[in-house]
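A.B. asks: The residues making up each chain are set out below.
Number of protein chains: 2
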Amino acid sequence: MNEFELIKNYFQKLSKKNSNSLYLNDDVFFDKKNKFVVSVDTYLEGNHFINFKKPYLVFKKILRASISDLIAKGVKPKYYFISASGNKKSFSKSNLLKIKKSLKEEQNKYKIYLSGGDTIFSNKLSFSITSIGISNNIIYRNKAKINDDIYVSGNLGDSYMGLLILKNKINFNNSLKSYFINQYYKPDIQIKLVDKLKNFANTSIDISDGLVTDLEKMINNQKLSYKLNLEYIPISNNLKKIIKIKKLKKINFISHGDDYQILFTASKNKRRIIKNIASKYRIKITNIGKIQSINKKPSIVNNKNLEITLKNKGYLHEFY
Amino acid sequence: MNEFELIKNYFQKLSKKNSNSLYLNDDVFFDKKNKFVVSVDTYLEGNHFINFKKPYLVFKKILRASISDLIAKGVKPKYYFISASGNKKSFSKSNLLKIKKSLKEEQNKYKIYLSGGDTIFSNKLSFSITSIGISNNIIYRNKAKINDDIYVSGNLGDSYMGLLILKNKINFNNSLKSYFINQYYKPDIQIKLVDKLKNFANTSIDISDGLVTDLEKMINNQKLSYKLNLEYIPISNNLKKIIKIKKLKKINFISHGDDYQILFTASKNKRRIIKNIASKYRIKITNIGKIQSINKKPSIVNNKNLEITLKNKGYLHEFY
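Each protein sequence line maps, in turn, to chains A and B. So the first sequence is residues 1 to 320, counted in this note's numbering. So the second sequence is residues 1 to 320, counted in this note's numbering.
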């Protein structure tokens, strides 16, 4: 049973009278009347972050992961709350100073404020972050239209390469390593897009679990399919370099998640405005495919229009 | 270092530009402009609930503990979010059905709605609950006035007796046992008071950590002291009976927390309105002492006005 089945089978009905929750089938909660948007997520050591050797970086990572949910919905984050569970070692004075420094920098960068939370003694390290933004509207899931273009912001796969390096599963002796590790800990979330997104996106989601997993999640209640062009899926020059040197395959790097880029669809007539905004604000936005009829099989194709098999769509939270 | 020191030394400054957070020195977060109030708490097995043998009851307990924070501030809870960390056994189908039933009953009882959250695989069982209510104003901490009466709703100590029974630290062979265990799992939180409280309370808090701990927390930024009359502190007839039979001392049962009753202060001229509301809505509200000048020592006195020593003020979250 995975996360979706768990919600559908047991808990969806509990939110039925409460349309604000979007029936637990979106990434955020939206109270339209009172204009606030809520995102709740838990981050576990060894799962959502590799370990706690670098508290300063871990807090950047999880805070950005949390507010990324709001940003992808066109909502500027404003407040955050942290519930921290950990032991004495995790919350040593030296670590607390690092956490404080990290949070302070993130607050200044994203104009967000620590607004509450609590601290619990436990040998298992985990953090729950609740982020809240104020907004009159949001971009919902499941609002894609047939023939919509599919776009993604920034680059994908850098964070996954960073994780492989941290896990010693790949090695190369140069300064590129720190580039990827940085991308793992400090994803370039697209705060600059937050105010613009509503002008053109029909539906959107942030890529936390993986490009294809999140794409399927974004349209999971729609009778629609998709086609992605591998060639167009944006990766950094650094990742291109490593893929070439190590004779790897691009397809194995684009859907592992932790990217925190924005995935959205838009009608064809929005191409010009998207291009203009991308160029004006210097945001990389790439058209990577399109939404198509359910009669066509979901697919990723190469530059010869041949279908490519994806081994791993991304991270799915499995329980049993 | 305890929770207060942790916040004061490391994190209070991070909320300075954000007066909504009440500088992390209140039990809730209040966005005055957008009229919403947030409470975030984590509940850990073996700490905040004894074990997970009764998921149905544990969920009643932690959900009531969460919304109790809002209710004590005069705010009706509306939405809740649950982040659940546990293993396959904790989230077996049978347990999920019990959790679902429990949540459904609580939703109907308190008119609240499941609005989001997430589920994480972990061998350490814990739950974070975020509760949100809509309100134009709240009752703040640190607004007591000198000579205010101190009041508490309901009875204290039943939950602690329930915990002692569950831990096999006390035993008596009769139906009373199930009464106390029920009080541990299903505290009588005072939802009926939520709309009335603002009419008379100057300051308020819910008793989760213990009467005296929470009283001191409620006025921790004020140069004030207090005097409580042990005789007036309300306990149930069942608890009176056990204390008598087992030759226990009342003082050892009134400040262990988990009561989820409302502690508040009010001016003397509110005595009549409080009495009327208590009688009209059949809510037990007891005047247990008064706020006094800082020049007088905080004290609990017996019916001969002699000071009684309290061994344990309640639960303080210690880190190191």
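Quick caveat, the hints were computed from the structure, so don't treat them as lab data. Remember, predicted model here, so these are calculated numbers, not experimental data. Worth double-checking, as some hints may not be accurate.
No copy labels: a pair is met if it fits in one copy or bridges any two.
Computed list of lysine-lysine pairs in DSS-like fashion (alpha-carbon distance at most 27 angstroms, straight line) [claimed, not checked]:
no., residue 1, residue 2
1, 240, 104
2, 8, 109
3, 296, 270
4, 60, 101
5, 313, 100
6, 143, 53
7, 223, 192
8, 53, 13
9, 101, 280
10, 304, 100
11, 124, 88
12, 109, 270
13, 296, 177
14, 104, 8
A.B. asks: A separate judgement is required for each hint: does it hold in the structure or not?
C.D. replies: Structure-based check of all given hints:
| no. | hint | verdict |
| --- | --- | --- |
| 1 | 240 with 104 | neither (34 angstroms within a copy, 52 angstroms between copies) |
| 2 | 8 with 109 | between (37 angstroms within a copy, 23 angstroms between copies) |
| 3 | 296 with 270 | within (24 angstroms within a copy, 72 angstroms between copies) |
| 4 | 60 with 101 | within (10 angstroms within a copy, 38 angstroms between copies) |
| 5 | 313 with 100 | neither (36 angstroms within a copy, 30 angstroms between copies) |
| 6 | 143 with 53 | neither (41 angstroms within a copy, 43 angstroms between copies) |
| 7 | 223 with 192 | neither (32 angstroms within a copy, 46 angstroms between copies) |
| 8 | 53 with 13 | between (41 angstroms within a copy, 25 angstroms between copies) |
| 9 | 101 with 280 | neither (32 angstroms within a copy, 53 angstroms between copies) |
| 10 | 304 with 100 | neither (51 angstroms within a copy, 50 angstroms between copies) |
| 11 | 124 with 88 | both (11 angstroms within a copy, 17 angstroms between copies) |
| 12 | 109 with 270 | neither (30 angstroms within a copy, 48 angstroms between copies) |
| 13 | 296 with 177 | neither (40 angstroms within a copy, 64 angstroms between copies) |
| 14 | 104 with 8 | between (38 angstroms within a copy, 15 angstroms between copies) |
Checked against the numbered hints listed earlier, the structure breaks hints 1, 5, 6, 7, 9, 10, 12 and 13; every other hint is satisfied.
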